[in-house]
Amino acid sequence: MSDFLEVESLSISFGGLRAVSDLDFAVERGEVVGIIGPNGAGKTTLFNLLTGFLVPTAGDVRFKGKSLVRKKPHQIVERGIARTFQLVRPFQQLTVLENVMVPHLSPKNRRKNKHRAENQKRALNILGQVGLGDKIHLLASDLSHGDLRRLEMARSLAADPELLLLDEPFSGLAAKEIETLSDLIHAVTDRGLTVIIIEHKLREMMKLVKRVITLDFGIKIADGTPEEIANNEAVIKAYLGKGGEKFVTSRD
Amino acid sequence: MKQISYTADQISLPPSPLHWKRFRPHMVAVCLLLLVPLFIKSTYVIDLLILCNIYAMFLSSWDLLTGYTGQISFGHSLFIGSGAYTAGILSFYFQVPILITVPLGGVVAALFGLLLGIPCLRLKGPYLALATFAASGVLAALTAVFWEYSGGEDGLYGIASVSANYVVKYYWSLSLMIVICGFLLFLVNSQYGLILQSIREDESAAEASGINVTRYKLITFVLSGFLAGIAGAFYSHTQMHVGTDQFSLHLSIMVVLMSVVGGLGTIVGPIVAGFLLILLNEWLRVIEVVRVLIYSFSVVLILLFIPKGIVPTVISGIQKGIEKMKSPARS
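Protein chains in written order, with our numbering: chain L, 1 to 252; chain P, 1001 to 1331.
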């Protein structure tokens, strides 16, 4: 197994409901993995388990050989895992620039951003990469939904992660905005960052990933290349429906 | 991917919130307050201004906890009162000098901040407000249990005064207010303040940004308690008396009310509102019959028409005015 991210027999129950059940998978450094499945399959719960927002009832998550179980979310960010949220969670009353300055103030990044001017320059650089460089003075509450998605991405990149978890990054975006964000994710993965993406917009997601894990009722029902997943009987039955291969198109 | 790379030269980065030019209005206000005793000889008015200075410390320390960090607290009277009683008891029974009783008052209040902060870490919104609301009653309970030392309901009379000279007393209160409020202004405008604001805006997003939310919340509870305790201790020396009636839930509610009227999360807003509302309340004493009615009605009107508070509304009005003045010149 990979020593980058290992998920072993991971389970969590809410009362009588097993939201994630005996989940096993591993992710190699530099991989781009998609997670799909119907609503309620346990995808976001999995992200919450990986990032410390939930504590598993059984199983283990190891990142670079060390267990993340019972670690607080900020400690997991320290270890090198950052995330975005399904529903965007900007710091509404802070400016776009300040939103991205906050992760620079975590213990891991604080030393090199001790002076506000240095922090601002680093944040501006990231905002330039996501295309928000001309909106740094605006309050986050004044941004469009598409810009908020990019801001969320910028904030997670500011945490300087080795593994980035994107929870439905295309949700609520128009086609043009999806294209822009897709380009951004591509740029990030081209730089070697490991990314796991949860997404329902399959056509767009399949262009980004090399491997897809499918969940249903908290159980892994398939794990393979986009082509294998599109033709997998169990996935077709649980999620894709007939003609699943239409989602798999080459980016080029 | 088309990456747009900006540099600080191409985009004007916002100036530091700690740039001295931003504090010119504050400096003018301090200068005016320093000159007050030269023009006003009435001990009554000077006493009122001493009270305003003390309230400025109460309110700004509360604003750090609630306005900046988003921890809704109705328990500030516990911090103020514990500081006041510590100073009162030390001065009354042991004749400890003021320079020691005041910081010790802050330390005891900081311990109460820690005691209140730990259980409150898991609470949010109305639940947190209710828990701190209950904390307001703790002091009365403690003074009742230890009535032999606290003086019970009557409290303690005969605590050492800051000074027999009211002008000296005024300058002491002003100095302490400048130090505490100046420190708070520095803190909230530093990058530390940015962290506190991120916690106020969204605790989960702050955690996901690598911020140890628990630690910062606890530090803020302790710091807010410490500063309020110092102010409370000083208050007991200016009044030469401590009693539970001074530090009841009513005080906590006044702190919340005045801060909201002034503008949450500004530090200056609550200070301005403290001065305005205390002076308004006193001026209305000439029409005692309708004083409470007019006072309450004024507060309701302010909350209704300028819900952001006096200071943010005035600042945004001035900024709009300046922009309007500039725009015809451009066209």
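Treat the hints as calculated values from the structure; they're not laboratory data. Built from N, CA and C at the ideal position, the CB exists for glycine as well. Be a bit skeptical, because a hint or two may be false.
Claimed, not checked - Some chain L residues well away from chain P (every beta-carbon gap over 10 Å; in silico):
1. A58
2. K72
3. A234
What the hints assert, rightly or not - So, partial list: chain P residues that the calculated Cβ filter (under 7 Å) puts toward chain L:
4. L1013
5. P1015
6. S1016
7. H1019
8. N1189
9. Q1191
10. L1194
11. I1195
12. D1202
13. E1203
14. A1208
15. G1210
16. I1211
17. N1212
Going through the hints against the structure:
With a cut of 10 Å on Cβ distances, L:A58 stays outside the contact zone with chain P, its closest approach being about 24 Å. Residue placement check: L:K72 does not keep its beta carbon more than 10 Å from all beta carbons of chain P (closest about 7 Å). The claim that L:A234 is not at the interface with chain P holds, since no C-beta of that chain comes within 10 Å of its own (minimum 33 Å). The beta carbon of P:L1013 is positioned within 7 Å of a beta carbon in chain L (closest approach about 5 Å), and the interface hint is therefore held.
Checking P:P1015 against chain L: minimum C-beta separation of about 10 Å lies over 7 Å; hint violated. Hint status for P:S1016: holds, given a least beta-carbon distance of 6 Å to chain L, under 7 Å. At a threshold of 7 Å, the smallest CB-CB gap from P:H1019 to chain L is about 10 Å, leaving the interface hint violated. Hint status for P:N1189: violated, given a least beta-carbon distance of 10 Å to chain L, over 7 Å.
Interface restraint check for P:Q1191: the shortest CB-CB distance to chain L comes to about 6 Å, inside 7 Å, so the restraint holds. Annotation: P:L1194 was flagged as interfacial toward chain L, and the flag holds, the nearest CB pair being 6 Å apart, inside 7 Å. The beta carbon of P:I1195 comes within 6 Å of a beta carbon in chain L, closer than 7 Å, and the hint placing it at the interface holds. Checking P:D1202 against chain L: minimum C-beta separation of about 5 Å stays under 7 Å; hint holds.
Look at P:E1203: its Cβ only gets to about 10 Å from chain L, farther than 7 Å, so that hint breaks. Taking 7 Å as the C-beta contact cut-off toward chain L, the hint placing P:A1208 at the interface holds, the least distance being around 6 Å. Taking 7 Å as the C-beta contact cut-off toward chain L, the hint placing P:G1210 at the interface holds, the least distance being around 3 Å. The closest approach between the C-beta of P:I1211 and any C-beta of chain L is roughly 6 Å, which is under the 7 Å cut-off, so the hint is satisfied.
Satisfaction of the interface hint for P:N1212 is found here, the shortest Cβ-Cβ separation to chain L being roughly 5 Å, below the 7 Å cut-off.
Hint violations for this structure: numbers 2, 5, 7, 8, 13, all remaining hints satisfied.
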